[in-house]
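Chains A and B are the protein sequences, given in the same order. According to my numbering, numbering within the first sequence proceeds without interruption in unit steps and concludes at 563. According to my numbering, numbering within the second sequence proceeds without interruption in unit steps and concludes at 563.
Be aware that one or more of the hints could be misleading.
It does not matter which identical chain is used: a pair holds within one copy or between any two.
[What the hints assert, rightly or not] For lysine-lysine, the following BS3-like pairs were computed, each having C-alpha atoms within a straight-line distance of at most 27 Å:
# : residue 1 : residue 2
1 : K55       : K330
2 : K330      : K180
3 : K126      : K405
4 : K350      : K330
Calculated directly from the structure, the hints in this document are not laboratory data.
There are 2 protein chains.
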Amino acid sequence: MSSTTSNRRTLRQQAMQNIHQIAPHQFTGSHRVYLDAGEDIQVPCRAVTLTDALKSQIFLYDCSGAFGDPAQQVNVRRGLPTLRQTWLDARQDTTPTQRQFSPDDIELEQWPTEFSSDCRRALPGKTVTQLHYARAGIITAEMKFIACRENMAIDNLASQQDERLQPQQSGRSFGAHIPKHINAEFVRAEVAAGRAIIPLNINHPEAEPMIIGRNFLVKVNANIGNSSVSSSIEEEVEKLIWSTRWGADTVMDLSTGRRIHQTREWIIRNSPVPIGTVPIYQCLEKVGGKVDALSWELFLETLQEQAEQGVDYFTIHAGVLWEFLPLTAKRLTGIVSRGGAIMAQWCQTKQQQNFIYQHFREICALCAQYDISLSLGDGLRPGSIADANDEAQFAELRTLGELTKIAWEYDVQVMIEGPGHVPLQLIEANMTEQLKHCHEAPFYTLGPLTTDIAPGYDHITSGIGAALIGWFGCAMLCYVTPKEHLGLPDKEDVKQGLITYKIAAHAADLAKGHPAAQLRDNALSAARYDFRWQDQFNLALDPDTARAYYQQSAPAGQADEHA
Amino acid sequence: MSSTTSNRRTLRQQAMQNIHQIAPHQFTGSHRVYLDAGEDIQVPCRAVTLTDALKSQIFLYDCSGAFGDPAQQVNVRRGLPTLRQTWLDARQDTTPTQRQFSPDDIELEQWPTEFSSDCRRALPGKTVTQLHYARAGIITAEMKFIACRENMAIDNLASQQDERLQPQQSGRSFGAHIPKHINAEFVRAEVAAGRAIIPLNINHPEAEPMIIGRNFLVKVNANIGNSSVSSSIEEEVEKLIWSTRWGADTVMDLSTGRRIHQTREWIIRNSPVPIGTVPIYQCLEKVGGKVDALSWELFLETLQEQAEQGVDYFTIHAGVLWEFLPLTAKRLTGIVSRGGAIMAQWCQTKQQQNFIYQHFREICALCAQYDISLSLGDGLRPGSIADANDEAQFAELRTLGELTKIAWEYDVQVMIEGPGHVPLQLIEANMTEQLKHCHEAPFYTLGPLTTDIAPGYDHITSGIGAALIGWFGCAMLCYVTPKEHLGLPDKEDVKQGLITYKIAAHAADLAKGHPAAQLRDNALSAARYDFRWQDQFNLALDPDTARAYYQQSAPAGQADEHA
Numbered sequence: 001m002s003s004t005t006s007n008r009r010t011l012r013q014q015a016m017q018n019i020h021q022i023a024p025h026q027f028t029g030s031h032r033v034y035l036d037a038g039e040d041i042q043v044p045c046r047a048v049t050l051t052d053a054l055k056s057q058i059f060l061y062d063c064s065g066a067f068g069d070p071a072q073q074v075n076v077r078r079g080l081p082t083l084r085q086t087w088l089d090a091r092q093d094t095t096p097t098q099r100q101f102s103p104d105d106i107e108l109e110q111w112p113t114e115f116s117s118d119c120r121r122a123l124p125g126k127t128v129t130q131l132h133y134a135r136a137g138i139i140t141a142e143m144k145f146i147a148c149r150e151n152m153a154i155d156n157l158a159s160q161q162d163e164r165l166q167p168q169q170s171g172r173s174f175g176a177h178i179p180k181h182i183n184a185e186f187v188r189a190e191v192a193a194g195r196a197i198i199p200l201n202i203n204h205p206e207a208e209p210m211i212i213g214r215n216f217l218v219k220v221n222a223n224i225g226n227s228s229v230s231s232s233i234e235e236e237v238e239k240l241i242w243s244t245r246w247g248a249d250t251v252m253d254l255s256t257g258r259r260i261h262q263t264r265e266w267i268i269r270n271s272p273v274p275i276g277t278v279p280i281y282q283c284l285e286k287v288g289g290k291v292d293a294l295s296w297e298l299f300l301e302t303l304q305e306q307a308e309q310g311v312d313y314f315t316i317h318a319g320v321l322w323e324f325l326p327l328t329a330k331r332l333t334g335i336v337s338r339g340g341a342i343m344a345q346w347c348q349t350k351q352q353q354n355f356i357y358q359h360f361r362e363i364c365a366l367c368a369q370y371d372i373s374l375s376l377g378d379g380l381r382p383g384s385i386a387d388a389n390d391e392a393q394f395a396e397l398r399t400l401g402e403l404t405k406i407a408w409e410y411d412v413q414v415m416i417e418g419p420g421h422v423p424l425q426l427i428e429a430n431m432t433e434q435l436k437h438c439h440e441a442p443f444y445t446l447g448p449l450t451t452d453i454a455p456g457y458d459h460i461t462s463g464i465g466a467a468l469i470g471w472f473g474c475a476m477l478c479y480v481t482p483k484e485h486l487g488l489p490d491k492e493d494v495k496q497g498l499i500t501y502k503i504a505a506h507a508a509d510l511a512k513g514h515p516a517a518q519l520r521d522n523a524l525s526a527a528r529y530d531f532r533w534q535d536q537f538n539l540a541l542d543p544d545t546a547r548a549y550y551q552q553s554a555p556a557g558q559a560d561e562h563a
Numbered sequence: 001m002s003s004t005t006s007n008r009r010t011l012r013q014q015a016m017q018n019i020h021q022i023a024p025h026q027f028t029g030s031h032r033v034y035l036d037a038g039e040d041i042q043v044p045c046r047a048v049t050l051t052d053a054l055k056s057q058i059f060l061y062d063c064s065g066a067f068g069d070p071a072q073q074v075n076v077r078r079g080l081p082t083l084r085q086t087w088l089d090a091r092q093d094t095t096p097t098q099r100q101f102s103p104d105d106i107e108l109e110q111w112p113t114e115f116s117s118d119c120r121r122a123l124p125g126k127t128v129t130q131l132h133y134a135r136a137g138i139i140t141a142e143m144k145f146i147a148c149r150e151n152m153a154i155d156n157l158a159s160q161q162d163e164r165l166q167p168q169q170s171g172r173s174f175g176a177h178i179p180k181h182i183n184a185e186f187v188r189a190e191v192a193a194g195r196a197i198i199p200l201n202i203n204h205p206e207a208e209p210m211i212i213g214r215n216f217l218v219k220v221n222a223n224i225g226n227s228s229v230s231s232s233i234e235e236e237v238e239k240l241i242w243s244t245r246w247g248a249d250t251v252m253d254l255s256t257g258r259r260i261h262q263t264r265e266w267i268i269r270n271s272p273v274p275i276g277t278v279p280i281y282q283c284l285e286k287v288g289g290k291v292d293a294l295s296w297e298l299f300l301e302t303l304q305e306q307a308e309q310g311v312d313y314f315t316i317h318a319g320v321l322w323e324f325l326p327l328t329a330k331r332l333t334g335i336v337s338r339g340g341a342i343m344a345q346w347c348q349t350k351q352q353q354n355f356i357y358q359h360f361r362e363i364c365a366l367c368a369q370y371d372i373s374l375s376l377g378d379g380l381r382p383g384s385i386a387d388a389n390d391e392a393q394f395a396e397l398r399t400l401g402e403l404t405k406i407a408w409e410y411d412v413q414v415m416i417e418g419p420g421h422v423p424l425q426l427i428e429a430n431m432t433e434q435l436k437h438c439h440e441a442p443f444y445t446l447g448p449l450t451t452d453i454a455p456g457y458d459h460i461t462s463g464i465g466a467a468l469i470g471w472f473g474c475a476m477l478c479y480v481t482p483k484e485h486l487g488l489p490d491k492e493d494v495k496q497g498l499i500t501y502k503i504a505a506h507a508a509d510l511a512k513g514h515p516a517a518q519l520r521d522n523a524l525s526a527a528r529y530d531f532r533w534q535d536q537f538n539l540a541l542d543p544d545t546a547r548a549y550y551q552q553s554a555p556a557g558q559a560d561e562h563a
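Just chain A, same shape as in the assembly (with noise of 0.2 Å):
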């Protein structure tokens, strides 16, 4: 033990030194562009310039804000600049104010912060959702970022580019309607059809905006978080910074162990990516642990709390009904979510309904003050081949597509989390229900996992149904790691799960016939077929080993080691 121990203290310290002394990162052959949105809004995305004839510029959509830009400082004691003070500010319908809940601790020992205790809420009566917006037929800057991102300029650098990279093979979408171009308006249209959410809380304008729907580029999130047992706030900010290198759309704090709050303060202020987190792990750390003390009163307050923080979406297991519990019976696996174990104990030992059910109304009211998305969580996924698509999850889903209906009457934003475990011939049917009965809400599904064989690949088993049920319609994918099953993830299974849920997010993409999908791939075979080695793996969507397992072979062959 004391060598595990010791272990981890190495581990503190050298995330310390690392996010201490973090510089903005480029991959080598990129460099930081900012699109202009008009009306000051500047997009970032990662530039390729090509070594063709025409040197080719090829525009990536870039997740890692201020952490890939060398122009910037950055001091992750600070956080990140504030960039849509300015928008929230002009709309005029949010007043500053103290914190209600504001920890004393929240700096770490040697290492003060200077994070505000201040925050932000609604005028009274006002509510300031992006939804409410898009009904009211107002376009926010916050779309006119998005749309302008989705295109990565497509259009614009068309004629500078080789045309051997412009065709793209038709897609087959599944009912979803991309148009040939995204504009903000499109965009607004959207989210006013409540058929895609942005997920970004008026308390964290450090957030990029991105838009999480079926007819956009389909999104990866990234879980991370400590546990009692293993890592520290340092690791975890590492973690959160070289999640968004990697490609992180959003990123998930799943802390349970101590000082859950400060984990998240730092987390919040160095994020350029929305965080969504499940609040009821929070509570059972205010409790201890037992879960027969939990209450409506308690959520509420750890919501507001996490409201203030400035927490994108949370994830509620609203739809764990009492009544569905003996439909988990004669599961193989019965009930994998911890969020949904925890609420099936609840209901079980106090012989009533789920509290987050029955507040639920209270929930959306906090929600629209804020701008929190909610993340209805499929409590009762299946934990096996076995368990999918059975009655318990159906049921379940067909509950969260009744409290979407009502979310949407407080202009709160929602999506719907899904499986878990399915085989290739059961997940078009975990969509198409979906569809149905939550009303065109975005999906957002864990993998699925299309078998249980492969502990310790489950990043791939749960790729394949990750990238299957993208092109069917899912609008983001959770990532799973190597270590799923077996561990947390450190920072290379965060690396592996994400370059793997980037491919099936592409794979997606592609076959959905997205406009924009297709150009990197055209673009790196052309480079390819040249020979043009350094163009290749500056696409790469991991140059870093790309560029390595080239370097360790001898002169390797052109095309393809095949016969």
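Keeping the supplied structure of chain A fixed, place chain B upon it in accordance with the hints.
Showing chain B alone in chain A's frame:
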């Protein structure tokens, strides 16, 4: 350069030591058992005894031959025992003879072999293929072996197992018809119909029978082979043994460097799985790489040489017709198949039709005498997403269908090779076109890669496509390693490629509803639910990695580490 040379020497010495000292390997918690298929036919499998109340046994398909059986002595200089010798003798349709082609330097420098320079040939007028026997209504020992191997005794064991392990989700088979129980008559009928092949040269009696067809378990091929600049015979033999440990159902020796004949000899004599080659590679070595020096006579001589050695299937690019070449002119990535590019260049230089196509009947006549299966190569397969499903590819596919009919006239077994690089939405058409034009002969695809943007991770980009096309009916999946497009795979790459493809194949088996598929998922999931960690590791595709990841981590969460 000198450090590269010394590095190469070290690797080679390590490999020599490894294979010299080789001892049969068993995974922890597993042991080798033999299932009795009657008539003294013993089918190897890996038995995992669980720690549940019933001490349930799970039998797993095992490709490792004698290298997986501690009761056997292995000596790579002598080669494996000749399992099929007595079956071949009993048929009395072959005769032993001296090999025509026996280069005198088969032996490694300081390391003499005991390989025989004899071979076996069909008696004049005799056809010795499994297809021939099948059509004559004969159930061979090979077919009995295969029937037993495909079932893995699921019926017999069910009553002794935890009943939670029995349920199976309904499959969606896309027209495949897999019976509940596979018997030898079914194997015969599928071979007779040309829907399945048993690739077993009469000169490779060391090989254990296996079957490739869409009404059987999806199979996986691993490519190995040295090149002029890297690797040695020792390393390739080590990779062969390693491949079968991780589940390679067949292995292709794609050597292109020096000593091709000797490398192949070592591989075949030590291979418990069928070996495929691309004979044009050796032809090209024989003429010093000069494509215009290739000729039909040289090709035939090379086929004869490899037939005597025991190659089980030949990939030949007979469908790359002179008139199809203009169809590739507008492609983004031209012709990426090495064999295809060689034949295309020959046709263009000589202004003549492809000699493999011209002499196809003579090739069939040769194959019929040794029972060599033909793998009709897709020399015009797409090398990028942009080129997928184009006219060049499908024109060749239709030609392969015509050639299939001709091969069947000679009772020669045939499978069809497929792409390559195909986005998700275009994969199904590959399968349906193949079934339509190639008369249900088994399909054998490379991947396909579902995006071009992830060099370094093409095992994953292609594993996604492989799972999908396996589900749709592809019978064998040719693996892709992380080094694809970048360099030659080392041992670790081979393993990564294999594990990824075993996942894809198994996901496809589940999706098709193969009756033996879900048992292993159920057993592993039940172990997970019961916290029987060792059972989880022992049942995993890669027990070593699962165990190591678990041990690396602090006590990990039990269920999914997610909301």
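Here's how the hints hold up against the structure:
Taking CA atoms no more than 27 Å apart as the test, K55 paired with K330 passes between copies only; the shortest distance there is 22 Å, against 62 Å inside one copy. Taking CA atoms no more than 27 Å apart as the test, K330 paired with K180 passes between copies only; the shortest distance there is 25 Å, against 48 Å inside one copy. In this homomeric assembly, K126 and K405 come within 27 Å of each other (Cα to Cα) only inside a single copy, at 20 Å, whereas the closest approach across copies is 74 Å. For the homomeric pair K350 and K330, the shortest alpha-carbon distance inside one copy (22 Å) is at most 27 Å, but the shortest distance between copies (70 Å) is not.
The structure fails none of the hints (numbered hints given earlier).
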